[in-house]
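Trainee: Assemble chain B onto chain A, guided by the hints.
Number of protein chains: 2
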Amino acid sequence: MSPVNDGRRRPVTLKEVAAKAGVSVSAVSLVANEKKNARIGEATRARVLQAIEDLGYRPNALAKNLVHGQSRFIGLVADAIASTPFAGQIIHGAQVEAWRRGYVLLVANSEGNAEAEAQAISMLLEHKVHGILYSTWYHRQIDLPAGLSEAETVLVNCFADDGPLAVVPDEFDGGRAAAQLLIDAGHERIAFINTVTPSPAREGRLAGYRAALADAGIEVDPALVLDADSAQEGGYASVEAVLASGATAVCCHNDRVAMGLYDGLRERGLRIPADLSVVGFDNQEIIAAHLRPGLSTVALPHYELGVAGVRALLDGGPEASDRLTIACPPVVRESVRSLA
Amino acid sequence: MSPVNDGRRRPVTLKEVAAKAGVSVSAVSLVANEKKNARIGEATRARVLQAIEDLGYRPNALAKNLVHGQSRFIGLVADAIASTPFAGQIIHGAQVEAWRRGYVLLVANSEGNAEAEAQAISMLLEHKVHGILYSTWYHRQIDLPAGLSEAETVLVNCFADDGPLAVVPDEFDGGRAAAQLLIDAGHERIAFINTVTPSPAREGRLAGYRAALADAGIEVDPALVLDADSAQEGGYASVEAVLASGATAVCCHNDRVAMGLYDGLRERGLRIPADLSVVGFDNQEIIAAHLRPGLSTVALPHYELGVAGVRALLDGGPEASDRLTIACPPVVRESVRSLA
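Just so you know, the sequences run in chain order A and B.
Just so we're aligned, residue 1 is where the first sequence starts under the numbering used here, counting upward by one.
Just so we're aligned, residue 1 is where the second sequence starts under the numbering used here, counting upward by one.
Bound-form chain A, shown alone:
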């Protein structure tokens, strides 16, 4: 049954609810704002709730927050919401978990601009958020913004020296998973195109690749580890070096590098995976799922980072300064040839 409020702009008032339920306005207010310890009989409470539903009354969440002396807001600062889907995936995960727990996510977008970021954090503090998730679109070390000292904070996809709890992707685990896709297909001469930019992804993924090879009894040949820009152009520029290395397979720092490598191989008349097996990293859907052939890769768990960030904020987590790592699962498509 559709509430009678449909089709009109004026919101239903407490007074109208009170008239319908045959109780006082203050009784309606106590029920609507879920005031604890309020002395309201069960029958009255039921009548008020029925009238609220019949009329389509919207409780005032702001008043409810003030009554309770705390807000149901969780703030989320994101630095690149307009440039990649990564920030959106963190927001999605955080929102689903926040709503499930009765919280509302207040999103503030800084676009990596210090002034906008300070303004974003001020705005969140002025709205008396329960806590703040501070997120970055790629995994990195940050200097903790000053305003964050005024609220419970969890860092998402970033970390700080002596900073609060950080929820980050397990780069080592991801690098190992990427190499393992190739090892399982029988490859032994596996190149690794790394980024030139120092970052947890650069160090962690390479260490994971090395560990996977060592575990499989494959010697790590330093000549197979190449450096490149972490975009399509870097992959394209690496084609000659990969071919010269004698590798039968290659792990790319990310899906964009793999896309550039695809282009360079195709220009030379080479086929993937017949001539070279390729594995990416990120699972950036619009690229990985639509290259020819589809790119086997490892997923960055942005959605899960958002979920875990909210859980850590509401439930507490390991001690501050600790890091909570989230697994990067492999995603199998068609870019790896089995030598078995």
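Just so you know, these hints were derived from the structure itself, not from any lab.
Among these hints, one or two may not hold up.
It does not matter which identical chain is meant; a pair holds if it fits inside one copy or across any two.
What the hints assert, rightly or not - Calculated lysine to any residue pairs in the SDA-like style (CA-CA distance at most 20 Å, straight line):
no.	residue 1	residue 2
1	Lys15	Glu126
2	Lys64	His130
3	Lys20	Asp54
4	Lys35	Gly102
5	Lys64	Glu126
6	Lys64	Asn33
7	Lys20	Ala43
8	Lys64	Gln119
9	Lys35	Glu126
10	Lys35	Ser24
11	Lys15	Glu53
12	Lys20	Asn33
Mentor: What follows is chain B alone, placed relative to chain A:
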């Protein structure tokens, strides 16, 4: 000078501000909450503001909203924040304009799920938003969700029969701009790969292409208009038909179609733009800027849609049911060969 609140969790209280300024708590409250018509002397007000700044006091935005009897929230419902950067660009534009005007954006993400959407709209209404921007990640007609009748609403990137004001991209203008890039380079035999999905983009861009050709005195040959899936796979599948048509250039429905076309042409040993000039649509940065060669395209103005949506909500716009169209500007890269 850094406020003394740095480095501690406990927020500064009204009482501390009052003690520092040597005035009553209620005087501080009136100044901090910007209560209109409050009788506070200028000297007192100045002392309070100085104490607020010295101590790093954060006014309570929720209390301020209640004092003013209206909120400074603008709600934004987005349907695909986790899948594309498009929703993020709308959010970015809306947030920049909202902040400039003293409003805060409350973002609710529905991921296209009806239940989550109803919950999102309820949440926004309970927070007494000043109004709601309802946005979709691609331009389309919608059935207006019931809850929107309870708030001032502006539709962003979508529209509804008898619905509120809609801010949408000018697809016709964009289609014309795409064709014009090729006409200006001297092409006359220009193919058009359209999507098979009925949508304002399908109709509008094709009409714009036709108008550009007609204006240039070029006959529109129906054999040059092809249909394809609107992803990379559709472009790839269109290669034979484009080549068979004798076209020297092609407008693609979007950048993803162009990416698939690039792959198919390259597999046949053909070069862009030497053998075929290609223009995309969307300016999806991660694709268009990094294909080889860079893809000339037409930008979808998502950021500008967000800005215009907030302006229409706060300033009013044309009458409800009207549509406000935003231009789709051309972006020139290296995929068009000049025949001049």
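Trainee: Hint by hint, which ones does this structure get wrong, listed from lowest number up?
Mentor: none
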